[in-house]
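Colleague: One letter stands for each residue in the lines below.
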Amino acid sequence: MIVSLSWRNVWRNKLRSSVIIVATTLGICAGIFSAAFYQGMADQRIEKAIRTELSHIQVHRKEFRNSNEIKDYISDADKLNRKISQIDGVVGVSNRLVIFSMVSSAETGSGVKIVGIDPEKEKLTTNIHQKLKEGSYFEEKRRNQVLIGEKLAEKLKVKLNSKVVITLLDVDNNITYGAFRVVGIFNTVNNAFDEANIFVRHNDLSKLIDLPPDACHEIAIYVSDNDRVESVKARVEQIAGDLEVMSWLNLSPEMSYLNEAMDLFMYIFIIIILLALLFGIINTMLMVVLERVKEIGMLMAVGMNKIRIFLMILLETVFLSLTGGAIGVAAGTMLSNYFETRPINLAAWADAYTDLGYDPFVYTSLNVELLINVTVMVLVTGVLASLYPAYKALRQDPSDALRTE
Amino acid sequence: MSIIKINNLFKIYDGSQIEVKAVNGVDITFEEGEFTAIVGPSGSGKTTFLNLLGGLDRPTSGDVIVDNVNVWGLSGRKLIDFRLHNIGFVFQAYNLIPVLTAKENVEFIMELQGRSKQERFERTKSLLEAVGLGDRLDSRPNKLSGGQQQRVAVARALASKPKFILADEPTANLDSRSTETLLDIMETLNREENITFIFSTHDARVMNKARRIVTMEDGKILSDVHV
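Heads up: the sequence lines are chains A and B, in that order. Every letter in the first sequence is one number past the one before it in the working numbering, and letter 304, counting from 1, is 305. Every letter in the second sequence is one number past the one before it in the working numbering, and letter 172, counting from 1, is 175.
If you're looking for bench data, these hints aren't it; they were derived computationally from the structure. Keep in mind that the hints are not guaranteed to be accurate.
[As the list claims (entries may be wrong)] Below, computed lysine-lysine pairings styled on DSS-like, alpha-carbon distance capped at 30 angstroms:
1) Lys295(A) <-> Lys223(B)
2) Lys128(B) <-> Lys295(A)
3) Lys72(A) <-> Lys146(B)
4) Lys81(B) <-> Lys393(A)
5) Lys307(A) <-> Lys166(B)
6) Lys81(B) <-> Lys295(A)
7) Lys295(A) <-> Lys146(B)
8) Lys120(B) <-> Lys307(A)
9) Lys24(B) <-> Lys15(A)
10) Lys158(A) <-> Lys81(B)
11) Lys295(A) <-> Lys24(B)
12) Lys208(A) <-> Lys164(A)
13) Lys223(B) <-> Lys307(A)
14) Lys120(B) <-> Lys295(A)
15) Lys8(B) <-> Lys307(A)
This structure is a prediction, so every number in the text was calculated from the model and none was measured.
Given the sequences, and given the hints that come with them, work out the whole structure.
Modeller: As structure tokens, this is what we get:
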């Protein structure tokens, strides 16, 4: 009956209980929605990094990532590409030449990463072909075509069909040039990426720097499911010999930090909300105890022991917290689910977001672990909030309490 | 057979200027099945005496012995258990739990005692029928009159099968009709079931029903009359 008594006690003062329940509901709903929002932002940032640049797994010569030297290329890469393509779970494998050098227009120049790709194979690993704002994706047969980012185009003051000159060192360290026509301008909604990367055909670039046609610096592998990355990586390591095989988490540790930092941030945010609620609940329960001094005195007098009185106050507080918490979790979940398929439009602040590599259209992402943790945290808040009011109740002397009006 | 023996009982409050002897050296014995009224003017020490007797207030000195158990020799938890199993309380302001029905208010005590559901159900029903509320089992206190609430309180006090019932001015908030009904019920329970009642009261109607009247003044017993 203590459970039933505690539950009914919650509703003795409907207005007061409702106020704290609504506050808890709003707090938890806001906490969960914020968490889903920031998790969605982080997920999109990571997904974008994987889809536009990193792919899931990359293979390099061990020296290449430090030296970035043209000579540190993988020879016989086509054969390796075919072998990797046959691994279960691999969706696309793209051989890339990667050279850090200069691109110039008639107006100015800029340091860039020049990526030589096989356009059809690259389509299976990254989505640059879907990010074109103008022009086409290497559709014409002509040689020396280049895709550049919108930001870089603005910087170089070039348009579609403009010519740019790529200056680089060939494999023998001789300076060489190539004139390339801009056939496509892409916008990945990541200003830093768009300003620092250009794409050319693998063949055009290998001829320019005098590398064998089946040489590459990087093999990018796209896997059907993020959960399969580690197993595919292990298989690639078996066939890649001395080459270095790395997953996106190793290639871009800042992405995994981003995930961890988001998690930490979300929990700090929710803990702050719960702390504010904790004091609200303590205040409410203190009022409850002070209003019921006489009743508590009667319960003590007729033989209700301190453990049961403590349990009654504890349950009442937990019911109060969990009612608001449960409604808040449900409302936060519904709100987050709604925006999982309908993006939140932050286009008004698009520049700020794209400068940092975030998409201004955010899809929320909610994980079940967070919901479970928040529910447990609300429960713990309820238990903590009950301690002081219960202590005050237990300190009553029955004969004094019975004399109060 | 005596069930309560009180020896040289004192309750002294230390005020800042003056010492107040609320109970001043009381010696008295109560027999099983008595229907006793403790009377006296306000401030005579009636309520304090009942609190000492009921294990609610700790005496400054002296003993309260119930069925050979020295009540104030019990530790906190044992004392609470002792009250639960041996003493029934009826308060002036009824003190029912407002969120529980009449039935639940009575049953609650037996649940604290750990009695079975079946026993609780049957005893609650028979007790509420005995106090004339067999048709109000599911009413909450706010749907009952003052007299009806006090009858529920009597049923609650009886629920634990106590050795005696202490009632502190139980009729003070009742009209004359409700007082008559309540007193008739308690008198019947006393006569037919041999339940011991000890009241503190100012009410002449209660005194008229009592078979023993103990008069207190300044914390002392002035007279102790069996009628």
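Colleague: Run through the hints listed earlier and report the numbers of any the structure violates, in increasing order.
Modeller: Hint check: 3, 9, 10, 13 fail, others pass.
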